[in-house]
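Visitor: Generate coordinates for the entire structure from the input sequences, incorporating the hints supplied.
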Amino acid sequence: MKTRTGFYPNLIALQTILRREILRFMRIWSQTLLPPAITMCLYFLIFGKFIGSQLSNIHGYTYIQYIVPGLVMMSAMTNAYANTASSFFLTKFNKSIEEMIVSPMPNVITLLGFTFGGTLRGLIVGTIVLLIAFLFTHVPLEYPLVMVMMAVLASILFALGGVINAIYAKRFDDVSFIPTFVLTPLTYLGGVFYSVQQLPSFWRSISLCNPILVIVDTFRYGLLGISDVNVYAGFGLVVGLVIVLFFWAWLLLSKGTGIKM
Amino acid sequence: MNLALQVSQLKKIYPNGITALKGIDLEVAEGDFFALLGKNGAGKSTTIGIICSLINKTSGKVRVFDYDMDVELAKAKSLIGVVPQEINFGLFEKVSHILINQAGYYGIPKHIAMQRAEIYLNEMGLWHMHNQPAFRLSGGMKRRLMIARALMNEPKLLILDEPTAGVDIELRHTLWKFLTQLNQQGTTIILTTHYLEEAEHLCKNVAIIDHGEIIEHANMKSLLNRLNVQTLIFDLNEPMTQPPALNPYRHRFIDETTLEIELDRGQTMNDLFQVLSNNHIDVHSMRNKTNRLEELFIHLVTKHKK
Numbered sequence: 017m018k019t020r021t022g023f024y025p026n027l028i029a030l031q032t033i034l035r036r037e038i039l040r041f042m043r044i045w046s047q048t049l050l051p052p053a054i055t056m057c058l059y060f061l062i063f064g065k066f067i068g069s070q071l072s073n074i075h076g077y078t079y080i081q082y083i084v085p086g087l088v089m090m091s092a093m094t095n096a097y098a099n100t101a102s103s104f105f106l107t108k109f110n111k112s113i114e115e116m117i118v119s120p121m122p123n124v125i126t127l128l129g130f131t132f133g134g135t136l137r138g139l140i141v142g143t144i145v146l147l148i149a150f151l152f153t154h155v156p157l158e159y160p161l162v163m164v165m166m167a168v169l170a171s172i173l174f175a176l177g178g179v180i181n182a183i184y185a186k187r188f189d190d191v192s193f194i195p196t197f198v199l200t201p202l203t204y205l206g207g208v209f210y211s212v213q214q215l216p217s218f219w220r221s222i223s224l225c226n227p228i229l230v231i232v233d234t235f236r237y238g239l240l241g242i243s244d245v246n247v248y249a250g251f252g253l254v255v256g257l258v259i260v261l262f263f264w265a266w267l268l269l270s271k272g273t274g275i276k277m
Numbered sequence: 010m011n012l013a014l015q016v017s018q019l020k021k022i023y024p025n026g027i028t029a030l031k032g033i034d035l036e037v038a039e040g041d042f043f044a045l046l047g048k049n050g051a052g053k054s055t056t057i058g059i060i061c062s063l064i065n066k067t068s069g070k071v072r073v074f075d076y077d078m079d080v081e082l083a084k085a086k087s088l089i090g091v092v093p094q095e096i097n098f099g100l101f102e103k104v105s106h107i108l109i110n111q112a113g114y115y116g117i118p119k120h121i122a123m124q125r126a127e128i129y130l131n132e133m134g135l136w137h138m139h140n141q142p143a144f145r146l147s148g149g150m151k152r153r154l155m156i157a158r159a160l161m162n163e164p165k166l167l168i169l170d171e172p173t174a175g176v177d178i179e180l181r182h183t184l185w186k187f188l189t190q191l192n193q194q195g196t197t198i199i200l201t202t203h204y205l206e207e208a209e210h211l212c213k214n215v216a217i218i219d220h221g222e223i224i225e226h227a228n229m230k231s232l233l234n235r236l237n238v239q240t241l242i243f244d245l246n247e248p249m250t251q252p253p254a255l256n257p258y259r260h261r262f263i264d265e266t267t268l269e270i271e272l273d274r275g276q277t278m279n280d281l282f283q284v285l286s287n288n289h290i291d292v293h294s295m296r297n298k299t300n301r302l303e304e305l306f307i308h309l310v311t312k313h314k315k
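Going line by line, the protein sequences match chains R and E. Offset between the first sequence (1-based) and this note's numbering: plus 16. Offset between the second sequence (1-based) and this note's numbering: plus 9.
A portion of the hints provided could be inaccurate.
[Stated by the list, open to error] Keeping only pairs whose Cα atoms sit at most 27 Å apart, straight-line, the calculated DSS-like set for lysine-lysine is: (1) 276(R) x 165(E); (2) 111(R) x 230(E); (3) 271(R) x 20(E); (4) 276(R) x 70(E); (5) 213(E) x 298(E); (6) 18(R) x 70(E); (7) 20(E) x 108(R); (8) 298(E) x 70(E); (9) 276(R) x 103(E); (10) 119(E) x 271(R); (11) 165(E) x 111(R); (12) 276(R) x 20(E); (13) 20(E) x 31(E); (14) 230(E) x 298(E); (15) 312(E) x 230(E); (16) 151(E) x 186(R); (17) 276(R) x 186(R); (18) 20(E) x 111(R); (19) 276(R) x 31(E); (20) 20(E) x 165(E); (21) 70(E) x 271(R); (22) 20(E) x 48(E); (23) 230(E) x 213(E); (24) 111(R) x 298(E); (25) 165(E) x 70(E); (26) 151(E) x 276(R); (27) 213(E) x 70(E); (28) 103(E) x 108(R); (29) 276(R) x 111(R); (30) 186(R) x 271(R); (31) 18(R) x 119(E); (32) 108(R) x 271(R); (33) 111(R) x 151(E); (34) 103(E) x 119(E); (35) 31(E) x 213(E).
What the hints contain is simulated information worked out from the structure, not anything from laboratory work.
Guide: This is how it looks when you write it as structure tokens:
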């Protein structure tokens, strides 16, 4: 009997999830795109202009210039995570995930669809924040390829993290637990607002174990040409984490964890 | 005989230790209109959940149009359409988007999906709502939307899990007509329902499941023929004061214009009407006291319990 399976139908399925995800976050743009723009305007104004103007330069850049990469990445990562975590959990909660499960679409396509959706939102928000940064200061964009590659990889990484969080989540509270108690502290301690070179050696060593610091600093290299970490090591770490999280999420979906009885 | 569905030794034990299916065997022929009947918690939805991949089986085999679901899952799934018991679409999504997305998950290009969405929404009387978010639909409309959604991949096997639960009589009859047409066009249909009149009216073959076991798997007509006795209610034109002698039929008065008569297997309607005429009883109308399948269902399930 003739069936409709294979590469082309899977590509259409992937496009469908992606279109659905884009429609979702564009439809509620006032909850997804506007808040980070407003928050980052306040960060640039308060930390960059008001407080930053009284601080000395870091690695030859003004304080406001120094914090731009961190704020762009912070916005991109948290939005990529929030998008997949909330969208996947809601899909699971209202059972519309069953529409995907009953279809011939492989689990890997479901995973890629949600991940690309989250990545895209992360990149859109990151771009908005970067454009806002241009209004406040000069940003040199030293190595655009490094900048784009790290922004994409970090958004993929956090989008995958959001999917895994949503798979395990049983209640709405579970979706906000990791961002609140794990990601936010790691982000604020991840070199967004300061250079680890300014820390005592003990805290510097501890900070260098924070993957978010590695991501932010590698991205900072792309924007400003300065970094506290080895850029190649930064890419290696992020690619490694993307691979681990991808297979973790794929395994969970294949087993039906949290979505099948 | 080509089989649309073949289930062998299907077993499901839930993580809480409850055994929902005790190794059932089930066969549904291509083109069949098949009823899967059972009480609440008998194992109907678990069976359907496993066939549709919504529930992981513990052991056993499921083949759909000869595709083994353990080996060629995608091919098997591409031939199935499912209407679940509970609403399972995003209530904030537009009606047409729900259908187009569903088609997309099956790998159907958007331009074809849009055409099909229009056809099936019209068929279900929902086209006027296509641009509305799904939460604006009434209960009956939501059920019809789920049927339209299940048709988007033009399935060869359509599985409906209590599609008419909570649906008004008029809509139920419309759905019956639609499903009959669909079956006549070649779609194999598996239906679970608590309305046994519905199963009797629509289905050619039937399986009855109880406590995770198939206790009956037969042709609907042959199953109904096994009914040893049927109880008929007669509405009379003239009130009667004296109980008539209707030997050899067991009978009783419900009221002075309503008579209940039991007809054993082997006794014919012709003979009964002859006796009624001989007694000058003028019959206005006649009906079965209960649905025939319902009588049989209760008999079989009670027997199995013992």
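Visitor: Against this structure, judge whether each hint is valid.
Guide: To see whether the hints hold, each was checked on the structure:
About 24 Å separates the Cα atoms of residue 276(R) and residue 165(E), which keeps this hinted pair within 27 Å; it holds. Of the pairs offered as hints, the one joining residue 111(R) and residue 230(E) is violated, with about 38 Å between alpha carbons and a cut-off of 27 Å exceeded. Between residue 271(R) and residue 20(E), the direct Cα distance comes to roughly 18 Å. Compliance with the 27 Å bound is thereby established for this hinted pair. A distance of roughly 18 Å separates the Cα atoms of residue 276(R) and residue 70(E); the hinted pair therefore holds under the 27 Å criterion.
With a C-alpha separation of about 23 Å, the suggested pair residue 213(E) and residue 298(E) falls inside the 27 Å cut-off, and the hint holds. Between residue 18(R) and residue 70(E) the CA atoms are separated by roughly 22 Å; this keeps the pair inside 27 Å, and the hint holds. For the proposed pair residue 20(E) and residue 108(R), the alpha carbon gap of about 25 Å is at most 27 Å, so the pair holds. Restraint check for residue 298(E) and residue 70(E): not satisfied, since their Cα atoms lie roughly 41 Å apart, outside the 27 Å limit.
A hinted pair counts as satisfied when its Cα atoms are at most 27 Å apart, and residue 276(R) with residue 103(E) qualifies at roughly 26 Å. Between residue 119(E) and residue 271(R), the direct Cα distance comes to roughly 30 Å. Violation of the 27 Å bound is thereby established for this hinted pair. The straight-line distance between the Cα atoms of residue 165(E) and residue 111(R) is roughly 24 Å, inside the 27 Å bound, and the hint therefore holds. Among the hinted pairs, residue 276(R) with residue 20(E) is consistent with the structure: their alpha-carbon atoms are about 16 Å apart, no more than 27 Å.
Of the supplied pair hints, the one linking residue 20(E) and residue 31(E) holds, its CA atoms being roughly 5 Å apart against a limit of 27 Å. A threshold of 27 Å between alpha carbons decides the hint, and for residue 230(E) with residue 298(E) the separation of about 19 Å falls inside it, so the pair holds. Of the supplied pair hints, the one linking residue 312(E) and residue 230(E) holds, its CA atoms being roughly 20 Å apart against a limit of 27 Å. A threshold of 27 Å between alpha carbons decides the hint, and for residue 151(E) with residue 186(R) the separation of about 26 Å falls inside it, so the pair holds.
Under the criterion of a C-alpha separation no larger than 27 Å, the hint pairing residue 276(R) with residue 186(R) is consistent with the structure, at around 13 Å. Among the hinted pairs, residue 20(E) with residue 111(R) is consistent with the structure: their alpha-carbon atoms are about 24 Å apart, no more than 27 Å. Restraint check for residue 276(R) and residue 31(E): satisfied, since their Cα atoms lie roughly 20 Å apart, inside the 27 Å limit. Annotation: proposed proximity of residue 20(E) to residue 165(E) holds, straight-line Cα distance about 25 Å (limit 27 Å).
Distance check on the hinted pair: residue 70(E) and residue 271(R) sit about 18 Å apart at the alpha-carbon level, within 27 Å; holds. With a CA separation close to 18 Å, the supplied pair residue 20(E) and residue 48(E) stays within the 27 Å bound. Among the hinted pairs, residue 230(E) with residue 213(E) is consistent with the structure: their alpha-carbon atoms are about 8 Å apart, no more than 27 Å. Taken as a hint, the residue 111(R) and residue 298(E) pair is broken in the structure, with Cα atoms around 41 Å apart against an allowance of 27 Å.
In summary, the hint linking residue 165(E) to residue 70(E) is supported, as the alpha carbons are separated by about 20 Å, within the 27 Å threshold. A hinted pair counts as satisfied when its Cα atoms are at most 27 Å apart, and residue 151(E) with residue 276(R) qualifies at roughly 23 Å. Proposed proximity of residue 213(E) and residue 70(E) is supported: the alpha carbons are some 24 Å apart, at most 27 Å. Taking the CA atoms of residue 103(E) and residue 108(R), the gap is near 18 Å; set against the 27 Å cutoff, the hint holds.
As the CA atoms of residue 276(R) and residue 111(R) are separated by approximately 11 Å, the hinted pair is consistent with the 27 Å bound. Restraint check for residue 186(R) and residue 271(R): the C-alpha separation of about 17 Å stays at or below 27 Å, so the hint holds. The suggested pairing of residue 18(R) with residue 119(E) holds, with an alpha-carbon distance near 20 Å, which does not exceed 27 Å. A threshold of 27 Å between alpha carbons decides the hint, and for residue 108(R) with residue 271(R) the separation of about 15 Å falls inside it, so the pair holds.
Restraint check for residue 111(R) and residue 151(E): the C-alpha separation of about 14 Å stays at or below 27 Å, so the hint holds. For the hint pairing residue 103(E) with residue 119(E), the CA-to-CA distance comes to about 15 Å; that is within 27 Å, so the pair holds. Simply put, residue 31(E) and residue 213(E) have alpha-carbon atoms about 25 Å apart, close enough for the 27 Å limit, and the pair holds.
Violation of the numbered hints given earlier is confined to hints 2, 8, 10, 24; the remaining hints are satisfied by the structure.
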